[in-house]
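Participant: Take a look at the letters that make up each chain.
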Amino acid sequence: MGDPLFLQGVDLGVFVIAVVKVVVAFVVLLVSVMLMIWFERKVISDMQNRIGPNRAGPYGILQTLADGIKLFFKEDLMPTEADRIVFKLAPYLALLPALLIFTIVPVGGVVTIAHHTVELQVADPPIGILFLLALSSAAVYGTMLAGWSSGSKYPLLGSVRASAQMISYEAAMGLSIVAVILESHSLSTRTIVGVQASSIWHWNVFRTGIVPFVIFVVAVTAELQRPPFDLSEGEQELVGGFHTEYTSLRFALFFLAEFMNTITMSAVIVTLFLGGPDGPGFHVVRWLWPILWFAGKTLVFLYCYVWVRAALPRMRYDQLMDFGWKFLIPLSLAWLLVLAALGESRPWGIAVLAACGAAYPLLQRSRDVSRQRRLLAAGEADLARSQAPPRPVLLRPVLPDEPVGGDG
Amino acid sequence: MLPPLFGGFKVTIRQVFEPRVTTQYPKAKQPKPPRLHGRHVLNRYEDGMEKCIGCELCAAVCPADCIYVRGADNPPDEPVSPGERFGFVYEINYLRCIHCDLCVEACPTQAITESKMFEFSFTNRADAIYTKRELVVDDDGKPQQLPWEDWRKGEDQHTSAWMRATSPSGSADYEGEVQWSGELGYGVRPPEGGQSGKRDDGATGNISVRVVERDKISRRLGGRAR
Chain G
55 MGDPLFLQGV DLGVFVIAVV KVVVAFVVLL VSVMLMIWFE RKVISDMQNR
105 IGPNRAGPYG ILQTLADGIK LFFKEDLMPT EADRIVFKLA PYLALLPALL
155 IFTIVPVGGV VTIAHHTVEL QVADPPIGIL FLLALSSAAV YGTMLAGWSS
205 GSKYPLLGSV RASAQMISYE AAMGLSIVAV ILESHSLSTR TIVGVQASSI
255 WHWNVFRTGI VPFVIFVVAV TAELQRPPFD LSEGEQELVG GFHTEYTSLR
305 FALFFLAEFM NTITMSAVIV TLFLGGPDGP GFHVVRWLWP ILWFAGKTLV
355 FLYCYVWVRA ALPRMRYDQL MDFGWKFLIP LSLAWLLVLA ALGESRPWGI
405 AVLAACGAAY PLLQRSRDVS RQRRLLAAGE ADLARSQAPP RPVLLRPVLP
455 DEPVGGDG
Chain P
108 MLPPLFGGFK VTIRQVFEPR VTTQYPKAKQ PKPPRLHGRH VLNRYEDGME
158 KCIGCELCAA VCPADCIYVR GADNPPDEPV SPGERFGFVY EINYLRCIHC
208 DLCVEACPTQ AITESKMFEF SFTNRADAIY TKRELVVDDD GKPQQLPWED
258 WRKGEDQHTS AWMRATSPSG SADYEGEVQW SGELGYGVRP PEGGQSGKRD
308 DGATGNISVR VVERDKISRR LGGRAR
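Residue numbers (this note's numbering), protein chains in the order written: chain G, 55 to 462; chain P, 108 to 333.
Each hint should be verified, as a subset may be incorrect.
As the list claims (entries may be wrong) - Far from chain P, by Cβ distances over 12 Å, these chain G residues were calculated:
1. 398
2. 410
3. 437
Unchecked claim - Under the rule of at most 25 Å between Cα atoms (straight-line distance), these lysine-lysine pairs were calculated in the DSS-like manner:
4. P:134 to G:96
5. G:96 to P:117
6. G:75 to G:96
7. G:96 to P:136
What the hints contain is simulated information worked out from the structure, not anything from laboratory work. Even glycine gets a Cβ: it sits at the ideal position worked out from N, Cα and C.
Take the sequences, apply the hints, and build the full model.
Facilitator: Next up, the structure:
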């Protein structure tokens with residue numbers, strides 16, 4: 055397996071093709087970030103009965119460019135308490151994973167250029183989707199180091215929140231990716247896309263039973279720090295979050311990374327669950343249709359991200375953690391186990407499903423207990439007593455009748 | 108029924124199809140309410156005489172201390188105002204003025220009133236102090252239009268003052284009572300009949316904000332937009 059471009063050795067033609075792919079992907083990504091910021095501002099103003107940017111260029115389409123140029127010429131500040139090297143490094147650490155993840159996304163079909171078989175994606179490594187997991191974990195460093203190196207309290211709080219959040223949701227994200235890998239028997243993104251081809255019912259969203267898809271989309275939203283999970287930059291609490299102390303071009307880099315991540319992750323969702331460039335083609339310009347399908351599907355997700363931002367309020371921090379740890383992770387784990395068992399045989403599937411059902415009350419009890427502890431910590435002893443979780447049947451006769459939650 | 112969390116999606120997507128409420132400001136302006144307190148004018152009588160008699164009541168009542176008036180005796184052969192004295196110096200500092208309209212209420216001759224123009228951004232302190240030469244209306248009763256002031260067509264109308272303090276016996280129901288000061292070139296505007304129905308907004312120049320916005324508010328919310 056691996057990239058067919060390199061199968062017959064590397065000559066000048068292969069080298070040129072690889073370089074051209076990299077450059078084209080880089081430029082397309084940067085331009086699409088520019089358009090994405092404009093798109094987000096336009097769509098969100100649509101939803102708020104406003105007009106949005108309309109000064110620079112037709113329909114304000116050059117507004118992002120103008121903002122970028124403005125930021126370029128702004129004064130570059132650095133706090134005296136900042137760790138100079140890390141402070142300068144952090145924006146690039148944030149940007150790099152966003153750029154690199156896009157390299158494994160198949161944006162089109164396979165074409166032949168000058169007798170070379172060329173896959174329309176920058177790279178097709180055999181580790182494929184593991185690369186995505188590695189880099190999305192590495193993206194935490196940009197955020198975390200930015201907050202830490204600023205030598206200021208709000209950025210630090212923002213970055214602590216961000217790293218905790220990203221690590222929490224990474225688990226659910228990873229588990230739903232495993233469901234995809236189970237179905238397609240491969241880590242390579244090209245193969246994952248390949249097995250989904252030809253019919254909408256072959257798409258992983260249906261083959262894995264929708265739930266992993268939903269979990270993945272939610273976890274990715276949290277991973278991207280986008281609303282309603284944008285606690286790391288909650289303006290009301292943290293000024294600007296981890297990038298409070300950043301100005302000028304470095305600030306622009308953070309925003310570039312954020313929006314580039316949004317685009318990249320939408321593309322990854324399309325790749326993993328919606329068949330990537332799969333879709334009905336026509337006999338004229340055959341290579342173009344898969345690209346259009348891919349772009350269209352990605353655009354739908356980008357619109358949905360903006361829609362979610364317009365519609366949902368930001369979550370509270372404990373809600374965020376509860377949702378991640380006590381809902382998404384158990385659900386994705388249970389779904390994965392059932393899926394794996396069903397792959398073996400139907401009786402196995404039913405047995406695992408029953409086991410998961412049996413484990414559910416345990417989870418429920420842990421949630422009840424933690425809610426009660428929280429109520430007690432908040433000084434709501436009466437409420438905590440009235441909402442005390444029922445004692446498990448087996449333990450009931452053993453425990454003496456003492457006031458609930460004495461040790462809080 | 109959708110859970111409340113998802114109700115937000117319905118609301119936001121519905122708004123996409125509603126009309127925009129933005130006024131493209133420098134290109135278009137929202138109509139102004141007729142009693143808006145804008146930049147002052149010094150009025151004149153129909154024969155061209157100035158109404159100001161230099162009594163300095165406006166300067167005395169001004170809470171922001173922005174008015175400076177010096178009266179002088181009228182020259183007998185060429186009187187400026189019909190009274191004994193006239194406003195010899197009249198200056199308003201718009202860096203201080205808070206547009207409270209107290210000068211207008213204090214004025215015994217309705218000499219000083221406020222126009223509806225508030226869009227003037229001068230670039231130095233000397234321009235901020237309007238002297239009598241700049242405040243007095245011209246022979247047609249129109250306010251002077253200084254280079255840094257944004258006057259549009261029709262905005263030089265309605266420079267007369269709403270005479271709140273002279274409301275008959277303080278009655279809230281002032282229907283049929285003339286409540287506007289005279290305006291050179293336009294006469295006396297018909298009174299508003301707002302508080303007991305029977306309003307004639309066309310004649311009085313009164314604009315309800317609801318009427319202004321009606322075309323932009325959807326039918327569902329009581330407006331007239333399609």
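Participant: Each hint: holds or not?
Facilitator: Here's how the hints hold up against the structure:
1. 398: holds, 36 Å
2. 410: Since the minimum Cβ distance to chain P is about 24 Å, residue 410 of chain G lies beyond 12 Å and the statement holds.
3. 437: Check passes; 22 Å lies beyond 12 Å.
4. P:134 to G:96: The given pair, whose Cα atoms are some 20 Å apart, holds under the 25 Å limit.
5. G:96 to P:117: The given pair, whose Cα atoms are some 18 Å apart, holds under the 25 Å limit.
6. G:75 to G:96: violated, 31 Å
7. G:96 to P:136: holds, 23 Å
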